[in-house]
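> Respectively, the protein sequence lines represent chains W and A. In this text, residue positions in the first sequence follow the working numbering: the first is 1, and each later residue adds one. In this text, residue positions in the second sequence follow the working numbering: the first is 133, and each later residue adds one.
Derived by calculation from the structure, the hints in this document are not laboratory data. Each hint should be verified, as a subset may be incorrect.
As the list claims (entries may be wrong) - Once the Cα atoms are required to be at most 25 Å apart in a straight line, the calculated SDA-like pairs of lysine to any residue come out as:
id, chain 1, residue 1, chain 2, residue 2
1, W, K54, A, A161
2, W, K54, A, I244
3, W, K54, A, K208
4, A, K225, A, Q267
5, A, K280, A, L293
6, W, K54, W, T74
7, W, K54, A, K170
8, W, K54, A, K265
9, W, K54, A, L293
10, A, K280, A, A161
11, W, K54, A, D242
12, A, K170, A, P221
13, W, K35, A, L236
14, W, K54, A, L236
15, A, K265, A, N134
16, A, K170, A, T312
17, A, K280, W, P7
18, W, K54, A, R299
19, A, K170, W, L69
20, W, K54, A, E346
21, A, K265, A, P238
22, W, K54, W, R72
23, A, K170, A, E311
24, W, K54, W, L105
25, A, K208, A, L236
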Amino acid sequence: MQFVIVPGSELPIYRQIMRQVTDALSGGRLQPGDKLTSQRELAEQLVVSPLTVKKAYDELEREGLISTLRGRGTFVTAAAVATDPRQQRERLRPVVRQLLSRARLSGVTVEAVAKLLYEEEQQWNTERKRQS
Amino acid sequence: MNIVDFDNIHRAYQRGADVLNGVTFSIGAGRVVGLVGKNGAGKTTLLRVAMGMLEAQQGAVRLFGLDPRRDPLEVKRRIGFVSEDQILPPFLKVEQVLDLHRGLFPTWDDSITRDLIDRFGIPAQTKIKALSKGQARQVALLCAVAHKPELLLLDEPAAGLDPASRRDFLETSIQLLNETGSTILFSSHYMSDVERLADRIVMLHEGRVLIDSELDELREHYSLALVPHNGGTSRTTLLSLEGCLGARDRSDALHAVFNLEPESTSRLLETELGITDLLCSRIALEDMFIELAGGQQ
Numbered sequence: 001m002q003f004v005i006v007p008g009s010e011l012p013i014y015r016q017i018m019r020q021v022t023d024a025l026s027g028g029r030l031q032p033g034d035k036l037t038s039q040r041e042l043a044e045q046l047v048v049s050p051l052t053v054k055k056a057y058d059e060l061e062r063e064g065l066i067s068t069l070r071g072r073g074t075f076v077t078a079a080a081v082a083t084d085p086r087q088q089r090e091r092l093r094p095v096v097r098q099l100l101s102r103a104r105l106s107g108v109t110v111e112a113v114a115k116l117l118y119e120e121e122q123q124w125n126t127e128r129k130r131q132s
Numbered sequence: 133m134n135i136v137d138f139d140n141i142h143r144a145y146q147r148g149a150d151v152l153n154g155v156t157f158s159i160g161a162g163r164v165v166g167l168v169g170k171n172g173a174g175k176t177t178l179l180r181v182a183m184g185m186l187e188a189q190q191g192a193v194r195l196f197g198l199d200p201r202r203d204p205l206e207v208k209r210r211i212g213f214v215s216e217d218q219i220l221p222p223f224l225k226v227e228q229v230l231d232l233h234r235g236l237f238p239t240w241d242d243s244i245t246r247d248l249i250d251r252f253g254i255p256a257q258t259k260i261k262a263l264s265k266g267q268a269r270q271v272a273l274l275c276a277v278a279h280k281p282e283l284l285l286l287d288e289p290a291a292g293l294d295p296a297s298r299r300d301f302l303e304t305s306i307q308l309l310n311e312t313g314s315t316i317l318f319s320s321h322y323m324s325d326v327e328r329l330a331d332r333i334v335m336l337h338e339g340r341v342l343i344d345s346e347l348d349e350l351r352e353h354y355s356l357a358l359v360p361h362n363g364g365t366s367r368t369t370l371l372s373l374e375g376c377l378g379a380r381d382r383s384d385a386l387h388a389v390f391n392l393e394p395e396s397t398s399r400l401l402e403t404e405l406g407i408t409d410l411l412c413s414r415i416a417l418e419d420m421f422i423e424l425a426g427g428q429q
């Protein structure tokens, strides 16, 4: 899998790496058993400190999403895609937080944001119906 | 044991004009520390004190537990040093400079040397004076890393290099970290390089350590508050609050950096000063630097 990082972002680099793995998992681009780029290689590829990559992999391992087999590499675990709804929900929290802060800046109320969400959901559904 | 210990380092070049005014921090094995601060903040002086090139007038520096001025040979054998104004003998060929260094270090590794020469594409038969600035810096880096030092001290290693040479330099440093796990203390004005290479930053300001933080915590536990002028809040009031690291009076608002998360900063300003119409946000390293080291206007 390909990673992209942006220094200077307010999201620490190790979190950028973690997020790309979790996004690839929820999007199905990473499957249980898939092998991840080794820490050393990824550090050289992204030109970031090996400690940063290690931190990201350690966190992902702690969350049970990946697991390192000595001498063989790092793999996506079977549990990674077992969908715990609460965890899935938690992953959206940062996005929601960002949305709310944007809304607050432009003086849009939470109720209006909720309405927007429903509208988008309906739009999405009609578009999907039309496609199928 | 720590690799580097600075304990209350003082150094002035003139009486009453301290460059370093009580600098204290330590670096454990395998850590990569980015030393930042504006010109004149004392970065170069501190690195020279670490090298034993300058003596601290007060306080103590230890590398591997040793005093670099008492045990200069033992210390220099175990460190590598690159500085912006480093001078290599101009009339020697690259090859001769490498030979010179090979003779000095028992731990010199020829395979690293060959790798880097190939990577950088430096012609070994060229005289130093015929090299570009970027190539000369690469030779200096090669000389600093080929004996696999336990500690690398880099003083503005990327200053004056074009973006491509800077990237080469970073890639080499990262390879070195991968291979040897060296401890690195480097100063830089390029915040994006600091973010890529360092896992901790130390910011010097007016000869003291203003910030000493894990890089990730910096982004997660610090914030910038923009306080509107209309409430009559003064810069001094903000500075007197606990957790306020610096405040600037700018035309749009008062800008204050806090050692607190954005939410806590908002709460603090509301309970202490009754300010509610402020903006609090996380702050990226480059902005943090500008807010803390920049001018008032």
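> Each of the hints needs a verdict: does it hold here or not?
Structure-based check of all given hints:
1. W:K54 with A:A161: holds, 16 Å
2. W:K54 with A:I244: Holds. W:K54 to A:I244 sits at ~24 Å (cutoff 25 Å).
3. W:K54 with A:K208: Given that 25 Å is the threshold and the Cα spacing comes to 30 Å, the pair is violated.
4. A:K225 with A:Q267: holds, 13 Å
5. A:K280 with A:L293: holds, 24 Å
6. W:K54 with W:T74: OK: W:K54 and W:T74 at ~12 Å, within 25 Å.
7. W:K54 with A:K170: violated, 31 Å
8. W:K54 with A:K265: The hint is violated at about 34 Å.
9. W:K54 with A:L293: With a Cα-Cα distance of about 29 Å, the restraint between W:K54 and A:L293 is violated, given a limit of 25 Å.
10. A:K280 with A:A161: holds, 14 Å
11. W:K54 with A:D242: Since the Cα atoms of W:K54 and A:D242 sit roughly 29 Å apart, the hinted pair is violated (cutoff 25 Å).
12. A:K170 with A:P221: violated, 30 Å
13. W:K35 with A:L236: With a Cα-Cα distance of about 44 Å, the restraint between W:K35 and A:L236 is violated, given a limit of 25 Å.
14. W:K54 with A:L236: violated, 35 Å
15. A:K265 with A:N134: violated, 34 Å
16. A:K170 with A:T312: violated, 31 Å
17. A:K280 with W:P7: violated, 28 Å
18. W:K54 with A:R299: holds, 21 Å
19. A:K170 with W:L69: violated, 45 Å
20. W:K54 with A:E346: Distance ~15 Å between W:K54 and A:E346 Cα, so the pair holds.
21. A:K265 with A:P238: violated, 29 Å
22. W:K54 with W:R72: The hint holds at about 16 Å.
23. A:K170 with A:E311: Between A:K170 and A:E311 the Cα gap is close to 32 Å, so the pair fails against 25 Å, i.e. violated.
24. W:K54 with W:L105: violated, 36 Å
25. A:K208 with A:L236: holds, 10 Å
Hint compliance for this structure: hints 3, 7, 8, 9, 11, 12, 13, 14, 15, 16, 17, 19, 21, 23, 24 are not met, and every other hint is.
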